[in-house]
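Listed here are the chains, written in short residue letters.
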Amino acid sequence: MKQEFYDTLSSPILWGVLLLAALLPFALSSYYLHIVTLALVYVALASSWNIVGGMAGQVSLAHSLFIGIGAMLSSALLLKLGINMWLGLVISAVISGVLGAMIAWIDFRFQLGHLSFVLITLAFAEMGAIVVEGWEFLGGASGMLLPKDTGDFLAFQFGGGSGSFWVMLTLAAVCVLVNVAILNAPLGFYLRTIRDNEKAAQAIGVNVLRYKITAMVISAVLASVVGTAYVRYLTFADPYLLISPVITIEIVLFATVGGLGRAYGPALGALLLVPLGEVLRGKLGSALPGLHYFIYGVVVIAVILATPRGLLPLFERQWERWRRS
Amino acid sequence: MAINRRTFGIGASGVLLGSIAAPFIGRAGAAGPTIRVGVVNSMSGGLAAYAQEGQPAFEYIIKKINAEGGIKSKGGAQIELVMADDTSQPARTAAEARRLITEEKVQLLTGTILSAQMLALTPVLDELKMPTLSVWAGGARSDYMFTLGYPYDRGYAQTINDFIVALRDEHKFKIKTAVMGYSNYEAGQQVNKFLTEKLKASGVEIIGEAALDIRAQDQTSAMVRIRSLKPDVVAGLVTPRDGILLHQARYNLNYHDSLFCGGTGGYTDLSLWKDLGPEVGKAVLTKNLFGMTGFSPGAKVDSMQKIIAELRDIAKLDRIGQGAIQYAQAARVLQQVLENAASLQSDDLLKAFRSVNIPFGDPNLYVAKPKGLQFAEDRLLKDGSAMFVQWTPEQDQQVVFPKEFAQVPPRPRA
Chain A
1 MKQEFYDTLS
11 SPILWGVLLL
21 AALLPFALSS
31 YYLHIVTLAL
41 VYVALASSWN
51 IVGGMAGQVS
61 LAHSLFIGIG
71 AMLSSALLLK
81 LGINMWLGLV
91 ISAVISGVLG
101 AMIAWIDFRF
111 QLGHLSFVLI
121 TLAFAEMGAI
131 VVEGWEFLGG
141 ASGMLLPKDT
151 GDFLAFQFGG
161 GSGSFWVMLT
171 LAAVCVLVNV
181 AILNAPLGFY
191 LRTIRDNEKA
201 AQAIGVNVLR
211 YKITAMVISA
221 VLASVVGTAY
231 VRYLTFADPY
241 LLISPVITIE
251 IVLFATVGGL
261 GRAYGPALGA
271 LLLVPLGEVL
281 RGKLGSALPG
291 LHYFIYGVVV
301 IAVILATPRG
311 LLPLFERQWE
321 RWRRS
Chain B
326 MAINRRTFGI
336 GASGVLLGSI
346 AAPFIGRAGA
356 AGPTIRVGVV
366 NSMSGGLAAY
376 AQEGQPAFEY
386 IIKKINAEGG
396 IKSKGGAQIE
406 LVMADDTSQP
416 ARTAAEARRL
426 ITEEKVQLLT
436 GTILSAQMLA
446 LTPVLDELKM
456 PTLSVWAGGA
466 RSDYMFTLGY
476 PYDRGYAQTI
486 NDFIVALRDE
496 HKFKIKTAVM
506 GYSNYEAGQQ
516 VNKFLTEKLK
526 ASGVEIIGEA
536 ALDIRAQDQT
546 SAMVRIRSLK
556 PDVVAGLVTP
566 RDGILLHQAR
576 YNLNYHDSLF
586 CGGTGGYTDL
596 SLWKDLGPEV
606 GKAVLTKNLF
616 GMTGFSPGAK
626 VDSMQKIIAE
636 LRDIAKLDRI
646 GQGAIQYAQA
656 ARVLQQVLEN
666 AASLQSDDLL
676 KAFRSVNIPF
686 GDPNLYVAKP
696 KGLQFAEDRL
706 LKDGSAMFVQ
716 WTPEQDQQVV
726 FPKEFAQVPP
736 RPRA
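These protein sequence lines map, in sequence, to chains A and B.
For the first sequence, my numbering begins at 1 and goes up steadily by one.
For the second sequence, my numbering begins at 326 and goes up steadily by one.
Don't read these hints as lab results, they were simulated from the structure.
Some clues are possibly wrong.
[Unchecked claim] BS3-like cross-link-like pairs, simulated, lysine-lysine; straight-line CA separation at most 27 Å:
id: 1; chain 1: B; residue 1: K525; chain 2: B; residue 2: K555
id: 2; chain 1: A; residue 1: K148; chain 2: B; residue 2: K518
id: 3; chain 1: B; residue 1: K631; chain 2: B; residue 2: K389
id: 4; chain 1: B; residue 1: K707; chain 2: B; residue 2: K676
id: 5; chain 1: B; residue 1: K523; chain 2: B; residue 2: K696
id: 6; chain 1: B; residue 1: K525; chain 2: B; residue 2: K707
id: 7; chain 1: A; residue 1: K148; chain 2: B; residue 2: K501
id: 8; chain 1: B; residue 1: K497; chain 2: B; residue 2: K612
id: 9; chain 1: B; residue 1: K612; chain 2: B; residue 2: K696
id: 10; chain 1: B; residue 1: K728; chain 2: B; residue 2: K612
id: 11; chain 1: B; residue 1: K696; chain 2: B; residue 2: K499
id: 12; chain 1: A; residue 1: K148; chain 2: B; residue 2: K612
id: 13; chain 1: B; residue 1: K523; chain 2: A; residue 2: K80
id: 14; chain 1: B; residue 1: K518; chain 2: A; residue 2: K80
id: 15; chain 1: B; residue 1: K525; chain 2: B; residue 2: K728
id: 16; chain 1: B; residue 1: K497; chain 2: B; residue 2: K555
id: 17; chain 1: B; residue 1: K625; chain 2: B; residue 2: K728
id: 18; chain 1: B; residue 1: K430; chain 2: A; residue 2: K148
Quick caveat: nothing in here was measured; it's all calculated off a predicted structure.
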């Protein structure tokens, strides 16, 4: 592990930002706290996806499957079999990790190209959605309503608003720090080598299968854990949200706009775009149906045109320019 | 002028800020006592058809109430609607409701709120204790929610079962076997569960299922399955889109050996003829098909006929279907709740919801309810029944069930 990681961990800026963020529930109204919590959910999800999609360059659309397993399976285990949601979280994460490893193995074994990998992962995601919507145990198309969140920590309840916010803040911080750790560890170098030229990486002795599986398993487990926490926050396990490929598209969008392959890029994208989308809908939703989508789309296109590599590199350049001057 | 990155940015910012500011412009002029009612509608997304048809009727009735003196028991308070769009996504229904309650300080909430949205909304309503009227949910899990939607059990399933039994026992149709043909989504699955039990209890043998994949581009495989099972009746809840595909497949396979009895949009939506075309429509919609609906222009209900004429001639609405009538009814229910509530506190509003009573024959009862409109203990409609209609080659509907509203007896099997 490079020194940079330990520097980040011991950075007063990091802890200062986290501390200030942790105080937000005392300053924000219920609605704005919800928006920030939602943004943190997407920070965590986009950061977990970034390990595979950004660092290893494998555009996986299977992440809705992992999120869905974390959300729907843990809910079903609780409601149908009475299994504690903490245990459900672990079971779901293990299953997601195994599925992730399987997808990575298929990719390696059949030497899938970029497009084939995208389509295979999309197929996995769709299969997951069909299984959930058609299987009564997992709630079927109706979904499942979890018991009221009374704040019983041992029952995986965090008391709603503030408690859920702190859980999401912790998860988001963990996911971003895992990104920082990987980027500063040999795994990060191997993944970037694989992303830039897989054949060359293989030729110089990088164990491509091993690192692809490692990246996918870490990413899948994180996404699954966030999925479980997210459904606990929502209380309603909605299959059309939690295991829909649309959620993956959103994650990919946030990561791309923020800065692919960077530790903080996906987090930046989610922190900017989630509140923007929510506020636009709140302010414009009643003006003209779909207007908020249109404006959101225009903003995203403008950002991508202005800075194709993401907002983070742009901000870094501006910061450097400002420092020099 | 050349558009560069900077001018584009300035222009885009202007559009963005202007759009955000727009809803606030003009609010300054509001005066007098007002009651703020939050409306979370699905104005965009997959469920937009419900609200796009219903919202104009809802707004018309609210304007009319305001013009006639507002809520008289509250000093003539005017109802101010605060609108929001949940983009047909349940999680966003919850977020928008939270915004309306905490930021916009609404005193009552209403909106499309289908069943999945109702479930997502439940924790928010319980937390913020906001009395809410759903226009369409088939259930109400929060103590603070009442709904005008048809209950899955005693609404959809009971009505379809009762009609099939009436066809068999009163009109002597041969009905011994059934295939459950339903859209495979939340409401379709729920209704199917109850309907299967009821049909079995009524002595109808269920010989198979044909669940319609709501993402499918074609329902031929489902119709082939129905044809191979050859049931006396195919029953279930079908969405308009699935209905169009199913009827198209039936036309292509020229299959007329079963009766098709179901609800609601997939059998009775006025758009079916437009999408199928007159030739296909005539071949399948007018043969061995009966559809469940809460509204039909031909129903023998005076108050329903009057509101149709009013919405058409005075409000000048171009789409007056079940959605418009349901929303208009919601406006009248809210009016009664606000009039009868001792105060605008949550408990008093809930008490007023529980005592809502719009009897049959009342000019403000727009939906076909032979026992009038009241809420039961479970906060769903006491009378969840609906009507069955058959199509004529002229693309009109004739009510055939229940007897109170029927114009003609059911057409014999072709």
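- request: Measure nothing beyond the straight line between the CA atoms of B/K625 and B/K728; if it is 27 Å or shorter, mark the hint as holding.
  value: holds (10 Å)
- prompt: Given the proposed pairing of B/K612 with B/K696, does the C-alpha separation stay at or below 27 Å?
  reply: violated (31 Å)
- request: Take the C-alpha atoms of B/K728 and B/K612, compute the straight-line distance between them, and say whether it is at most 27 Å.
  value: holds (21 Å)
- prompt: Would the pair B/K707 and B/K676 pass a check requiring their Cα atoms to be no farther apart than 27 Å?
  reply: holds (16 Å)
message: Against the 27 Å threshold, does the CA-CA distance of B/K525 and B/K555 hold or violate the hint?
response: holds (18 Å)
task: Sort out whether B/K499 lies within 27 Å of B/K696, counting only the CA atoms.
output: violated (30 Å)
- prompt: Are the Cα atoms of B/K523 and B/K696 separated by 27 Å or less?
  reply: holds (22 Å)
message: Check whether the Cα positions of B/K525 and B/K707 lie no farther apart than 27 Å.
response: Distance ~24 Å between B/K525 and B/K707 Cα, so the pair holds.
27 Å limit on alpha-carbon distance, applied to hinted pair B/K497 and B/K612: Holds - the C-alpha atoms of B/K612 and B/K497 are around 17 Å apart, at most 27 Å.
query: Keeping to a limit of 27 Å between CA atoms, is the pair of B/K497 and B/K555 held or broken?
result: Distance ~19 Å between B/K497 and B/K555 Cα, so the pair holds.
message: Next pair to validate is B/K631 with B/K389; report whether the Cα-Cα distance is within 27 Å.
response: holds (15 Å)
field: Hint consistency between A/K148 and B/K518 [alpha-carbon to alpha-carbon, up to 27 Å]
entry: Holds, at about 26 Å.
The structure fails hints 7, 9, 11 and 12 (numbered hints given earlier, in ascending order).
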